[in-house]
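Go by the hints and put chain E onto chain R.
Going line by line, the protein sequences match chains R and E. Oh and the first sequence: position 65 is 64 in the working numbering, straight run, nothing missing. To convert a position in the second sequence, counted from 1, into the working numbering, add 93.
It is worth saying that the hints were derived from the structure and are not from the lab. Where a beta carbon is used, it is the ideal one built from N, C-alpha and C, also for glycine. Each hint should be verified, as a subset may be incorrect.
Stated by the list, open to error - Label-pair restraints from in silico Cβ distances:
#1 E:T113 - R:S64: 34 to 44 angstroms
#2 E:E160 - R:S19: 40 to 50 angstroms
#3 E:Q135 - R:V113: 18 to 28 angstroms
#4 R:K21 - E:G134: 16 to 26 angstroms
#5 R:N25 - E:G134: 18 to 28 angstroms
#6 E:N117 - R:T101: 23 to 33 angstroms
#7 E:V157 - R:T12: 42 to 52 angstroms
#8 E:T113 - R:T101: 21 to 31 angstroms
#9 R:T12 - E:W133: 22 to 32 angstroms
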Amino acid sequence: DTAVSQTPKYLVTQMGNDKSIKCEQNLGHDTMYWYKQDSKKFLKIMFSYNNKELIINETVPNRFSPKSPDKAHLNLHINSLELGDSAVYFCASSLRAAIGNTIYFGEGSWLTVV
Amino acid sequence: GIQVEQSPPDLILQEGANSTLRCNFSDSVNNLQWFHQNPWGQLINLFYIPSGTKQNGRLSATTVATERYSLLYISSSQTTDSGVYFCEADSWGKLQFGAGTQVVVTP
Chain R
0 DTAVSQTPKY LVTQMGNDKS IKCEQNLGHD TMYWYKQDSK KFLKIMFSYN NKELIINETV
60 PNRFSPKSPD KAHLNLHINS LELGDSAVYF CASSLRAAIG NTIYFGEGSW LTVV
Chain E
94 GIQVEQSPPD LILQEGANST LRCNFSDSVN NLQWFHQNPW GQLINLFYIP SGTKQNGRLS
154 ATTVATERYS LLYISSSQTT DSGVYFCEAD SWGKLQFGAG TQVVVTP
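Looking at chain R on its own, in the form it has when it is part of the complex (with noise of 0.2 angstroms):
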């Protein structure tokens, strides 16, 4: 029953490796989002998709590669984690993108590269 889930909620994973973190929506929602939390509470949107066509995609290692293979879902992929990765990475969605609807988020995935 859970609008925006996003899998898995915690990952510790050595430097070097390549991981994705998942994320479904079933709201019907057109648009969807990644934001990256970092350790000092700094959120900042990574990339955005409405009907599974990039919209915004700020400036972000080329490492991270969103992929949306329907506008339910939107993975996000990392290759070569380095230790800077670490933070929690919220996926969220909304109706539809920029006009006042209200973003719902997921609860988070933790990620930690040691």
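Quick look at chain E alone, frame taken from chain R:
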């Protein structure tokens, strides 16, 4: 890019008190949002408010876009209001969060 500053960085309130959080932004915006992150890390979108005033229960927000600031009012604060409040400004596709205001409401 757009700069977003929030004040105060920290706020301690006694239950029942009122408070005002401020978000200043350096450029014109087409969107301004307020979010609350509770002590367990859950993020909630509070307001979408590029201009004007909105109210939702004990919370209300006002954005004066011409003067480049937004205010979030918490009235009759409750312990469940504790957490971090973020504003996010959207300057035509350039999105920037403020650093947040950490609010602690004590019984």
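Do the hints match the structure? See the list:
1. E:T113 - R:S64: 34 to 44 angstroms: Given about 41 angstroms between the Cβ atoms, the range holds.
2. E:E160 - R:S19: 40 to 50 angstroms: holds, 44 angstroms
3. E:Q135 - R:V113: 18 to 28 angstroms: Since the Cβ atoms of Q135 of chain E and V113 of chain R sit about 26 angstroms apart, the hinted range of 18 to 28 angstroms holds.
4. R:K21 - E:G134: 16 to 26 angstroms: Since K21 of chain R and G134 of chain E have Cβ atoms about 19 angstroms apart, the given range 16 to 26 angstroms holds.
5. R:N25 - E:G134: 18 to 28 angstroms: At 21 angstroms between Cβs, range holds.
6. E:N117 - R:T101: 23 to 33 angstroms: Given about 24 angstroms between the Cβ atoms, the range holds.
7. E:V157 - R:T12: 42 to 52 angstroms: holds, 46 angstroms
8. E:T113 - R:T101: 21 to 31 angstroms: Given a distance of about 23 angstroms, which is inside 21 to 31 angstroms, the answer is holds.
9. R:T12 - E:W133: 22 to 32 angstroms: holds, 24 angstroms
Against the hints set out earlier in the document, no violation occurs for any number.
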